[in-house]
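Novice: Two chains, two frames, a set of hints: combine them into the complex.
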Amino acid sequence: MIELSSTSVEILIMLGKSAILIGILLQVAPIMAWVERRGSALMQNRLGPNRIGPLGLFQSIADAVKFIFKEDPIPGHTEKFYYALAPIVSLIPSFMTFAVIPIAGPITINGRQILFQVADLNVGLLYIFSIASLGVYGIIMAGWASNNKFSLLGSLRSTSQMISYELSMGLSVIGIVMVFSSVHLGEIARAQGEILAQLGPLTIPKWGIFVQPLGFIILLTAAFAETNRLPFDLPEGESEIVAGYHLEYGSMKFAVFMMAEYVNMTTASGLLTALYFGGWQMLPGFSQVLNMLQLQGATHDWVRVGLEAVSFLLKVGFFMWLFVWVRWTLPRFRYDQLMDLGWKVMLPLSLANIFATGVLIYFGWI
Amino acid sequence: MLVKEKRNIWTEIYLVDIAKGLFITMKNMLFAPKVTIQYPEERRNYSERYRGMHYIKATNGVENCTACMLCPTVCPAECIHIEAGERPDKEKYPVKFEIDVLRCCFCGMCEEACPKDAIKLSMIYEMSTATRNVWDKAELLDQRGNK
Chain Y
1 MIELSSTSVE ILIMLGKSAI LIGILLQVAP IMAWVERRGS ALMQNRLGPN RIGPLGLFQS
61 IADAVKFIFK EDPIPGHTEK FYYALAPIVS LIPSFMTFAV IPIAGPITIN GRQILFQVAD
121 LNVGLLYIFS IASLGVYGII MAGWASNNKF SLLGSLRSTS QMISYELSMG LSVIGIVMVF
181 SSVHLGEIAR AQGEILAQLG PLTIPKWGIF VQPLGFIILL TAAFAETNRL PFDLPEGESE
241 IVAGYHLEYG SMKFAVFMMA EYVNMTTASG LLTALYFGGW QMLPGFSQVL NMLQLQGATH
301 DWVRVGLEAV SFLLKVGFFM WLFVWVRWTL PRFRYDQLMD LGWKVMLPLS LANIFATGVL
361 IYFGWI
Chain F
1001 MLVKEKRNIW TEIYLVDIAK GLFITMKNML FAPKVTIQYP EERRNYSERY RGMHYIKATN
1061 GVENCTACML CPTVCPAECI HIEAGERPDK EKYPVKFEID VLRCCFCGMC EEACPKDAIK
1121 LSMIYEMSTA TRNVWDKAEL LDQRGNK
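As they're listed, the protein sequences go chains Y and F.
Per this note's numbering, residue 1 is the first one in the first sequence, and the count goes up by one each step.
Per this note's numbering, residue 1001 is the first one in the second sequence, and the count goes up by one each step.
The shape of chain F in the complex, shown without the other chains (with noise of 0.2 angstroms):
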């Protein structure tokens, strides 16, 4: 239903009107809280179970991973690349371990597929590169993230 506002000859002239709404924006500017985040310097707190930058976690300095390819076969953008060797002690290990990351998406299946924990995606969300490059065993190993 269409309401008629009442109107009266204040409203008619809108000058009340125009100071009202002025008072209105510059109480805004003096008192209100300001909602900028400042960011290098403050940060957004994330869930928990935020996925970013990948890693894969090793226990006393070897990596948890026994390149079972349970990863690469779950990942949807085929982004995992992981060749297989053996060690000494007939252990599987990855002599290979590459993410393209450009192809990722983030979704978290190969954390979730992954039977030794081994893959695991940090809170770490500043990815960003001057360079197409992927990510190798190497790097991946860093231990980024508390999961």
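The shape of chain Y in the complex, shown without the other chains (with noise of 0.2 angstroms):
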């Protein structure tokens, strides 16, 4: 056995949980978009594609090994060097987000307490939101890169939605701050395990969407405007812009846009896990399942973090799910309506919600 140093260990943790929670993200692409195509047939009365694999599973797969076989031309008028960028840009900053959201609880090994997050950031919320606003340059550089009319529109329109957006994106989550006094994301998803109220035989947690219903609404809707999904996916309308700013992609380039796009879906379900919904901590059930097995020490925290992964992951699943739904049920939005929306209506509901949030904890009634 080779003796390593403290400092080594470490490394080897922190590179250990990147390369698992990369090696997650990667997976999500394929398998939202077999839900995606999947889940849309089925609600239009169709079936989807479901030749290839079990219930058409490996479609993904054979779509990859389109995309990568596929000839990659790069159109003569582009910006060489932008236009190859663009996409890597928007795909770097969606990945980077999910570091600091806290999977599981923390376990002791060894007298090390490992966090299920891979930076434990004292300013997590701070380090997304500003991450997160990074994504929108992979969109502009390649709308200007294409140098094409339609590319450009189309990420403008992104550009001005992510702006009016982020800003009611950001004031939401301060109800969520002032309730749980921490910006640091695994403080907030513990402290969501304390007991709100005790209804007869029901026991409601603090969790955030019974605390701050407003600021989930809030977020939920600007999250769906950040992704670009629909309803907000102006950005890229087939009807107005042809395809936005991935009209001049094919093949690997478009395939790590729509990568960018599952994955920043992801992020953006984690945070609304992780600050409204509990975060880890286990759906209902799965504490009475815990104790019924009656395990001990170390067996006994292990399955403990298993549960509490596998209800992060449950709700995770939920809101991606969700994204998916949304997306089949509502027509997009016209864009002065959603301009209107973002700063006639969610602007002045978010800044009501900080001010009734500062009443309700002055009274100390939350």
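Hints in this document: simulated from the structure, not taken from any laboratory.
Take the hints with a grain of salt, since some may be wrong.
[Claimed, not checked] Restricting the straight-line Cα-Cα distance to at most 27 angstroms, the calculated cross-link-like pairs of lysine-lysine (DSSO-like) are:
no., chain 1, residue 1, chain 2, residue 2
1, F, Lys-1004, Y, Lys-344
2, Y, Lys-253, Y, Lys-70
3, F, Lys-1006, Y, Lys-344
4, Y, Lys-344, F, Lys-1020
5, F, Lys-1137, F, Lys-1116
6, F, Lys-1092, F, Lys-1116
7, F, Lys-1057, F, Lys-1096
[Said to hold, decoys possible] A few chain Y positions that, by computed beta-carbon distances, are all more than 12 angstroms from chain F:
no., residue
8, Leu-15
9, Ala-33
10, Gly-53
11, Pro-54
12, Ala-64
13, Ile-74
14, Pro-75
15, Gly-170
Here the structure is a predicted model, which means the values were calculated and not measured.
By construction, the Cβ of each residue, glycine as well, lies at the ideal position given by its N, Cα and C atoms.
Specialist: Structure below.
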């Protein structure tokens, strides 16, 4: 056995966690592509891709193979360097944001506490918002470098949409920060395990959605706008501007844009879960299962971590499904309606939410 | 006339309507019958009068066609080419009977014009090929339909 210094162990743990997280996030895009295609088909009374593999699950692999082996011409009228750079610029921030979201509660091995989040930042929430706003640069770069009017229009739309909604997005989570007095996502997730009220046999935990319902709705809506998903997918409105910022892209470069969109969706779902749905706090019933098993010591801890991770993944999965579900239910907004909603409704509401939360905290009701 | 929809606080905040819409899509997803026809295994029922791939009807192994040239005459696409010949019993018959199927518009006028009930259009609609082939007599004599 090689003796490892404390620092190298830290580095190894960090690398392991990053590798696992990136591995999981890379799987999101193919799975969500399948969910999106089959889900939309079933909602429209069709069947969708069901030929390749069980239930058509390997369709995404076939798609990926096609994307990789397709010819990848770079149009002559583009700015070559920025054209090639743009998909990467939009993909990297979407991976980076997930680093601070806790997936399960901490565990102690050999006296060393291991947190199930890649980066244990004490400004986690601010980090998420600062990195998430970097994602728009990829889109702007794509639109500009494509040297195409439709692409540029799409990226301009995306820019103004993101700025408008980032405002109410940032303000809506202030309420959560006030209630839990922290911007550290691990602490917010842990604090949501407390009991808010006891209604007979029902125990209501202090999940964010119960103390901040309005903030949740605002953040949810803003998350749809931030990830460019329907009903706010104006940057790529097919009927008006062909395909928006990724109009000039093909093969794997286009696939990278799609991947960035799905990873952004995952991050938004993770953020919504961590802030409003109790993070890794177990779903009702899971803690009873854990108590029934009557495990001791390290086994108990590992089973607890497993159940917490499953709870977290189920919650994130629900939000991912909600993104798909809403996409195939609602029609697209008109651009002025989008701006109206962002500036005239969401912004005042999020400010009102902060005020109301302040009043409630002052009188000690939360 | 423009009828103004009645609006109240619930329609104004949209959330209830969005929830209703989500319920409708979920209901469709879970319970509605799916209309997809899974093609190679399941097939749509076409009409009996469908005009598909051609064939020449044969009686006791001999084609009904007497090379009367009515079908190439009536054909608007000019895709039928017949060379007539004579049998030992002095009966006229087609030595060559070719249909350039790329030109054919499947109008069925040849079938209507034929006095001998020889040329027919079958129900077969899968005719895609990798080459620009012309159907010759041997191919057309395959009894594909029951018309």
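Novice: Decide, hint by hint, whether the structure agrees.
Specialist: Structure-based check of all given hints:
1. Lys-1004(F) <-> Lys-344(Y): holds (23 angstroms)
2. Lys-253(Y) <-> Lys-70(Y): OK: Lys-253(Y) and Lys-70(Y) at ~11 angstroms, within 27 angstroms.
3. Lys-1006(F) <-> Lys-344(Y): Since the Cα atoms of Lys-1006(F) and Lys-344(Y) sit roughly 22 angstroms apart, the hinted pair holds (cutoff 27 angstroms).
4. Lys-344(Y) <-> Lys-1020(F): holds (25 angstroms)
5. Lys-1137(F) <-> Lys-1116(F): It holds: about 16 angstroms lies between the C-alpha atoms, which stays within 27 angstroms.
6. Lys-1092(F) <-> Lys-1116(F): Distance of about 12 angstroms is within 27 angstroms: holds.
7. Lys-1057(F) <-> Lys-1096(F): Holds, at about 15 angstroms.
8. Leu-15: It holds; Leu-15(Y) is separated from chain F by about 41 angstroms at its closest Cβ, greater than 12 angstroms.
9. Ala-33: holds (18 angstroms)
10. Gly-53: Answer for Gly-53(Y): holds, closest chain F Cβ roughly 16 angstroms.
11. Pro-54: holds (16 angstroms)
12. Ala-64: Its Cβ never comes within 12 angstroms of chain F, the nearest being 24 angstroms, so this holds.
13. Ile-74: Given that every Cβ of chain F is farther than 12 angstroms from that of Ile-74(Y), nearest at about 33 angstroms, it holds.
14. Pro-75: holds (32 angstroms)
15. Gly-170: holds (22 angstroms)
The structure meets every hint from the earlier list without exception.
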